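> Below, each chain spelled out in residue letters.
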Amino acid sequence: MTLPENSRGSGPADHLGDASKALKIRGLVKEYRAGVPVLKGLDLDVDSRGIMAIIGPSGTGKSTLLRCINRLVEPTRGEIIFEGEDITKLSRAGLRRARRKIGMVFQEYNLVERLSVIENLLCGRLGYISPLKAWLRKFPSQDIDRAFELLDTVGLGDLAYQRADNLSGGQRQRVGIARALMQAPHILLADEPTSSLDPKTSVEIMELMASLAGKLDIPVIVNIHDVALGTRFAQRIIGMSEGNIVYDGAPSGLTDTHLKEIYGGEDWLQ
Amino acid sequence: MIAGNDPVQMTHRRLERFTPMERFSRWLVLLIVVAAIVVSTRHVQIIPEFLADAPSQMLDLLNRLWPPDLSYYQQGVHEALMETLHIASLGTILALILALPVALCSARNITSNPILLVFAKLVLVSSRSVNSLVWALLFVAVFGPGTLAGVLAIAFRSVGFVGKLLGEALEEVHMGSVEALKATGAPATSVLLKGYWPQVKPALWSIALFRWDINVRESAVLGLVGAGGIGIALNNALNTFYWDKVSTVLLSIFAVVIAAELVVTQIRKRII
Amino acid sequence: MTMPSTSHAKRNPFPVNWPSRIIWVALLAYLVYALSLIDISSERMIAGFGHGADMLGRMVPPDFSRWSLLLEGLLESLEIAILASAVGITLSLPIGFFAARNMMPPWVSWPARTLIAVCRSFHPVIVAIIFVKAVGFGALAGILALIVASVGFIAKLFAEAIEEISLKQVEAVRASGASFGNVIIFSVVPQVLSRFVGFSTYQVDSNLRNSTMVGIVGAGGIGGTLFSAFQRFDYDFVAAILISLIAVIMAGEYFSTWVKGVFK
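Chains A, B and C, in that order, give the protein sequences.
Throughout the first sequence, residue numbering follows the working numbering, covering 1 to 270 in sequence.
Throughout the second sequence, residue numbering follows the working numbering, covering 1 to 272 in sequence.
Throughout the third sequence, residue numbering follows the working numbering, covering 1 to 264 in sequence.
With the rest of the complex left out, here is chain A (with noise of 0.2 Å):
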């Protein structure tokens, strides 16, 4: 199959730029060591709105994956096709092109700890100016005014001048989430954005991301290993099990029987 090469966004028949498919994952393999794969040839298409939780048992490859859309790790084989281009062939520039249109949120919110929390969020920014005008802090100024604007939104308007280290984790996972929404980003991924948190916060952060993306209309990926707050967040559940996908389907339809199949055993169901 080949791709067309202007095929963003825009033409009516094409194939690849159906506008309901945010993200097309074609026969995707991971291997860390030759012969022993991680992802074992998924197949995923993501809805360009909502919530996509994925769910599975720790070292079954959900972080794995979700590092592979935005290559943080390399793929192995497979297709992985955002906006008509496939992730996998793209240069070094345009990869960089490309991360800037997919946030990310992380499990141990990853922030530059000695930075104020106005510059991490500015940190956002850094792929759309020249490494001189970062060094020089020369950040456009309606760069400034979205960041002010969106520290306010999550709640941290009187924090912007605090250091990163000084926050707590909820803080400290807001100012990722914006720091994320900084990037306008078409879709945002969140690797459990909530393992380090506590459960009151957890449901929290939930909310906040679930009503800024609906807000912005763009769609979600989270890997989460709380089953609860992925039924309630999301829109759709993908379960994993060993680098395969087991569930996919609306989060109504998931039963202990899936469940096990994902997780293996049932003592813990009851």
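To be clear, the hints were calculated from the coordinates, so they are not data collected in a lab.
Predicted model, so just to flag it, every value in this text is computed and none were measured.
Ideal Cβ positions, reconstructed from N, Cα and C, are used throughout, including at glycine.
Careful, some of the hints might be misleading.
As the list claims (entries may be wrong) - Distance ranges between label pairs, derived from CB positions:
(1) B:F254 / C:R58: 34 to 42 Å
(2) C:L167 / A:S130: 54 to 62 Å
(3) C:N17 / B:A35: 54 to 62 Å
(4) A:L216 / C:E160: 52 to 60 Å
(5) A:L216 / B:I271: 38 to 46 Å
(6) A:S196 / C:I40: 48 to 56 Å
(7) C:I246 / B:E168: 20 to 28 Å
(8) B:E168 / C:L167: 27 to 35 Å
(9) C:W18 / B:R108: 31 to 39 Å
(10) B:E168 / C:F14: 27 to 35 Å
(11) B:P48 / C:P106: 38 to 46 Å
(12) A:T76 / B:R108: 20 to 28 Å
To be verified - To list a few chain C residues with every Cβ distance to chain B over 10 Å, as calculated:
(13) V60
(14) M103
(15) V170
(16) G181
(17) I184
Based on the hints, put chains B and C in the right spot on chain A.
Then chains B and C, alone, in the frame of chain A:
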């Protein structure tokens, strides 16, 4: 290992402090050390009369050193002392500038090219293995005697030290933050500036202060081979046998070194 | 929640950090001033690079024909380093112990600390000159100089290590009814031994490096040979000496890493 599955066996093993191999190695070290000392004592050329004479000679020398001729400070010491400080400071600054690219090339999480990695490590090791006095001899031969040779000697000796520690600091940064910046599509240089640099900045200042403190001490000696600074004043006083001037020079070196150490400790306390 | 007035006003994300800006300006001003003091004219640089190239050219190939002289110097350096380390470390034990403020009264610890500070302040080569004047040319002056350097380093770190030990363990052993000797052996020694081995090997390393240098002022070892080769412009012999020096120093570093591993 069948024994490994038996819990009783395991505890029993842990009670013995060292494995036979460890014990053998310890005895081997001891043996080598003792043998080295014995052989050196037998072989080294020390004239027994000199050794017997040493305490009285030392006392005699101390008598000649005391009291110091403090008036010499204004005449011949002050300027040379300032020059020494300049050599140490400029040498440290130059070393920081030179060490930065080498450290980047030597950090495994930044450089993936194995040839570049090995080359950077080689540069760092050779810089550290050559004493600052040898560097000074080389630069005096190249640029002639004077401050320039001293600055370059200090810088070239310090590159290895600063580069090694900075490289280690770079390897210890939190890679999550770096990953997050890469994920935003930031160019590699921006990732260095906003991801790595804020994280290693405190370490870099700390290394710089530490090395400056050492360099104040090292630069005092460079004058002996003609590379400027207080060493020249010391050499002059020694060669003309003005012992009271020698002690003035020594006292001023002592004062400067102690002062530098105090300054460094104070700055460290405040900033880091 | 937040006041709309502030969110629409122009806000500066990077308020000026005055202390850091002042430090940078001061540093830059110093740099300009200090550079103006040294003579870096373009002619001098060009001439220098010419000399450098010439010197490098004469360094190749290194001349190992006077290997017996080379070996003799290296051996003497090695002996100086070994003996100075042995005596220096032995002397450092009591001096460091006297300097530990949690073990000794101030009238003992202060003189000991002053002695250590004096030993630390002078570069070994400067100390070596003094000893050459006192006891004459030769290895003895070098050994004495490096003993001074060893005391300055090891006694200081040893004193710090003793000051940091956990008194709880000492009390626990003492509570079991142990004698003073046993208290030292079972509570103090285990806490400081591996660190002591660590900085002793570091000092042996550093003594080895310096023992190759004290010869420049006549205190024995390969340094004298190196210095006279420099003065006679025998750059091929200089290269040979430097290569052997680096090899010996690297071997020393390798050995000390191994010893540290054994006593970990």
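> It remains to establish, for every hint, whether it holds in the given structure.
Here is what the structure says about each hint:
1. B:F254 / C:R58: 34 to 42 Å: At roughly 40 Å between Cβ atoms, C:R58 and B:F254 fall inside 34 to 42 Å, so the hint holds.
2. C:L167 / A:S130: 54 to 62 Å: Given range 54 to 62 Å: holds, Cβ gap about 58 Å.
3. C:N17 / B:A35: 54 to 62 Å: holds (59 Å)
4. A:L216 / C:E160: 52 to 60 Å: holds (57 Å)
5. A:L216 / B:I271: 38 to 46 Å: Since the Cβ atoms of A:L216 and B:I271 sit about 42 Å apart, the hinted range of 38 to 46 Å holds.
6. A:S196 / C:I40: 48 to 56 Å: holds (54 Å)
7. C:I246 / B:E168: 20 to 28 Å: Distance hint for C:I246, B:E168 holds at roughly 22 Å.
8. B:E168 / C:L167: 27 to 35 Å: Check passed, 33 Å falls within 27 to 35 Å.
9. C:W18 / B:R108: 31 to 39 Å: Since the Cβ atoms of C:W18 and B:R108 sit about 38 Å apart, the hinted range of 31 to 39 Å holds.
10. B:E168 / C:F14: 27 to 35 Å: holds (30 Å)
11. B:P48 / C:P106: 38 to 46 Å: With Cβ atoms ~41 Å apart, the hint holds.
12. A:T76 / B:R108: 20 to 28 Å: holds (23 Å)
13. V60: holds (15 Å)
14. M103: Holds: least Cβ distance 23 Å, greater than 10 Å.
15. V170: Its Cβ never comes within 10 Å of chain B, the nearest being 20 Å, so this holds.
16. G181: holds (20 Å)
17. I184: holds (19 Å)
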